[in-house]
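Engineer: Take the sequences, apply the hints, and build the full model.
One line per chain: the protein sequences are A and B, in this order. Throughout, my numbering is defined as the position within the first sequence, counted from one, plus 34. Throughout, my numbering is defined as the position within the second sequence, counted from one, plus 645.
Any given hint could be a false lead.
What the hints assert, rightly or not - Computed footprint of chain B on chain A; a stretch qualifies when at least three of its residues, placed anywhere within it, have a C-beta under 8 Å from a C-beta of chain B:
(1) 101-112
(2) 138-144
Stated by the list, open to error - Under the rule of at most 27 Å between Cα atoms (straight-line distance), these lysine-lysine pairs were calculated in the BS3-like manner:
(3) Lys711(B) to Lys665(B)
(4) Lys37(A) to Lys686(B)
(5) Lys686(B) to Lys136(A)
(6) Lys711(B) to Lys136(A)
(7) Lys136(A) to Lys700(B)
(8) Lys136(A) to Lys107(A)
(9) Lys686(B) to Lys659(B)
(10) Lys659(B) to Lys711(B)
(11) Lys37(A) to Lys709(B)
(12) Lys107(A) to Lys687(B)
It is worth saying that the hints were derived from the structure and are not from the lab. Each residue gets a CB set at the ideal place from its N, CA and C atoms; glycine is no exception.
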Amino acid sequence: AQKITQTQPGMFVQEKEAVTLDCTYDTSDQSYGLFWYKQPSSGEMIFLIYQGSYDEQNATEGRYSLNFQKARKSANLVISASQLGDSAMYFCAMIPGFGNEKLTFGTGTRLTIIP
Amino acid sequence: GAVVSQHPSRVICKSGTSVKIECRSLDFQATTMFWYRQFPKKSLMLMATSNEGSKATYEQGVEKDKFLINHASLTLSTLTVTSAHPEDSSFYICSARQTISRNIQYFGAGTRLSVL
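Structural biologist: If you want it as structure tokens, here you go:
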């Protein structure tokens with residue numbers, strides 16, 4: 035079975051600082067995909083970034099980057115130059131194996147940006 | 646990113662009535678859509694996988710007769726909560742998978758259901 039662990043239930047970060055949200059995963063599959071989603075208080079789930087297990091370079095999308103350490107089974111999200119609008123719940127998720135479409139979510143981290 | 650529309654965003658109904666929630670992929674075709682339920686301050690729980698033109702696949706513990714799923718076209722899946730009861734009150738959110746290669750799921754804005 036696959037498992038996603040997010041050990042930080044909540045984080046407070048000063049505006050404009052960088053923030054790292056932790057995510058570790060457990061799977062026996064060689065091929066898998068890792069995702070980060072943002073859920074603001076409105077409830078929608080916003081896709082942020084994707085990392086494939088065979089991708090050699092860390093994924094980046096604007097201010098978001100994924101620090102992928104395969105040997106440690108770690109997929110931390112780094113947000114640079116945080117903004118007030120970054121305050122939200124952040125979920126790490128995983129699809130194990132090729133063709134398996136079911137997302138497994140972590141418990142989430144609530145990020146609060148302080149002005 | 647791809648756009649998924651979910652309607653309604655909020656519904657309040659009486660116990661015993663049925664509620665239909667629509668999930669549409671607006672700018673891409675989705676052979677597979679997913680329905681999730683989210684309890685307050687909790688993560689998303691997958692309820693079922695909806696496949697266009699075939700029966701949905703339900704997760705263990707999800708009553709298929711209570712939560713009817715129809716995926717009649719490549720852009721529309723519906724979830725009907727039949728004979729709703731207060732314990733069905735929750736946040737329901739759908740997603741659609743855009744491409745096979747990246748397996749990215751794009752989510753709708755969710756529906757908050759309150760059963761009185």
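Engineer: For each hint, tell me whether it holds in the structure or not.
Structural biologist: Hints and how they fare:
| no. | hint | verdict |
| --- | --- | --- |
| 1 | 101-112 | violated (count 0) |
| 2 | 138-144 | holds (count 4) |
| 3 | Lys711(B) to Lys665(B) | holds, 12 Å |
| 4 | Lys37(A) to Lys686(B) | holds, 19 Å |
| 5 | Lys686(B) to Lys136(A) | holds, 21 Å |
| 6 | Lys711(B) to Lys136(A) | holds, 21 Å |
| 7 | Lys136(A) to Lys700(B) | holds, 17 Å |
| 8 | Lys136(A) to Lys107(A) | holds, 19 Å |
| 9 | Lys686(B) to Lys659(B) | holds, 25 Å |
| 10 | Lys659(B) to Lys711(B) | holds, 16 Å |
| 11 | Lys37(A) to Lys709(B) | holds, 26 Å |
| 12 | Lys107(A) to Lys687(B) | holds, 23 Å |
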